[in-house]
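J.: Residue numbers (our numbering): 5 to 235.
Hint data in this document are derived by calculation from the structure and do not stem from the laboratory. Please note that the accuracy of each hint is not assured.
[Stated by the list, open to error] Simulated pairs of lysine-lysine, DSSO-like, Cα-Cα distance not exceeding 27 Å: (1) 46 x 145; (2) 73 x 29; (3) 72 x 56.
[To be verified] Pair by pair, the computed Cβ-Cβ distance ranges are: (4) 55 x 121: 32 to 38 Å; (5) 173 x 59: 42 to 48 Å; (6) 26 x 185: 47 to 53 Å; (7) 128 x 174: 18 to 24 Å; (8) 166 x 31: 33 to 39 Å; (9) 27 x 85: 38 to 44 Å; (10) 55 x 120: 21 to 27 Å; (11) 181 x 101: 48 to 54 Å; (12) 101 x 230: 53 to 59 Å; (13) 181 x 222: 26 to 32 Å.
Built from N, CA and C at the ideal position, the CB exists for glycine as well.
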Amino acid sequence: MCALSYFQDNKQREAETLEGIIRKKQSEHIVKKHQNAQRLLKPLAVANPYTKYLTYPHQSLRTRRDHKKYLGLIRAITFLYQYQRDVKTVDVEGKPFEYIEVTLTDIEHANRLANEVLGQSLDDLARPSRTLLSGIFNMVKEMAEKENIPIEDISFNRRMIREYMNWTDWQIRAHIKQLEELEYLYARMGAKGKEYTYALNYRGQAEDSDKCYLNLTPVNEIKRLIQKGAA
């Protein structure tokens, strides 16, 4: 409580200095500039033609809630770039309805922001678990490319991981549990008497970064799926 009071007193004293007054004026100027920019935006609807290519999580309430934020982030980016978009019109009950469409560039921007804003740090993983995750991702990626299907449609078991990574079953059992708990992958229960399999939520984002937001569909994957559908 004393520390909080000391911090508040310092902030109050700082606000009275010339530097504090200047910072406040600069902050007010930035806020006003943003408000003026917002007034220029038209109340256009945003349609996402790539929705069917995006991965929709279903494992937990948290991932579903975060995914709504992700979809909102895509809409917000498209909305802000409305003057760089063609305004389209559709007839709704005899009246013209204007809207703009999400682009792959918007999704690319949203993916990058989602990793930083909504992403979880791989520092939470033990080093062997992180190595296991990277190995599983490479295995599943190769399988998906070979079978020409999305990563989320690939099922795998511990035996496949063991053979691909040359790990012992004990090593895999010891570290795969943490990947399940943090939702990098999830178990798909098999039929009675059969070993259950896994599916991967991770898309390799943290191979180039320390943070990743799960369930993202990379733009390159969306392009591949579009080409596959057109073939």
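J.: Hint by hint, note whether the structure agrees.
T.: These are the hints, each one checked on the structure:
{"no.": "1", "hint": "46 x 145", "in the structure": "42 Å, violated"}
{"no.": "2", "hint": "73 x 29", "in the structure": "32 Å, violated"}
{"no.": "3", "hint": "72 x 56", "in the structure": "15 Å, holds"}
{"no.": "4", "hint": "55 x 121: 32 to 38 Å", "in the structure": "21 Å, violated"}
{"no.": "5", "hint": "173 x 59: 42 to 48 Å", "in the structure": "29 Å, violated"}
{"no.": "6", "hint": "26 x 185: 47 to 53 Å", "in the structure": "48 Å, holds"}
{"no.": "7", "hint": "128 x 174: 18 to 24 Å", "in the structure": "23 Å, holds"}
{"no.": "8", "hint": "166 x 31: 33 to 39 Å", "in the structure": "57 Å, violated"}
{"no.": "9", "hint": "27 x 85: 38 to 44 Å", "in the structure": "30 Å, violated"}
{"no.": "10", "hint": "55 x 120: 21 to 27 Å", "in the structure": "23 Å, holds"}
{"no.": "11", "hint": "181 x 101: 48 to 54 Å", "in the structure": "51 Å, holds"}
{"no.": "12", "hint": "101 x 230: 53 to 59 Å", "in the structure": "26 Å, violated"}
{"no.": "13", "hint": "181 x 222: 26 to 32 Å", "in the structure": "27 Å, holds"}
Hints 1, 2, 4, 5, 8, 9 and 12 from the earlier list are contradicted by this structure; the remaining hints agree with it.
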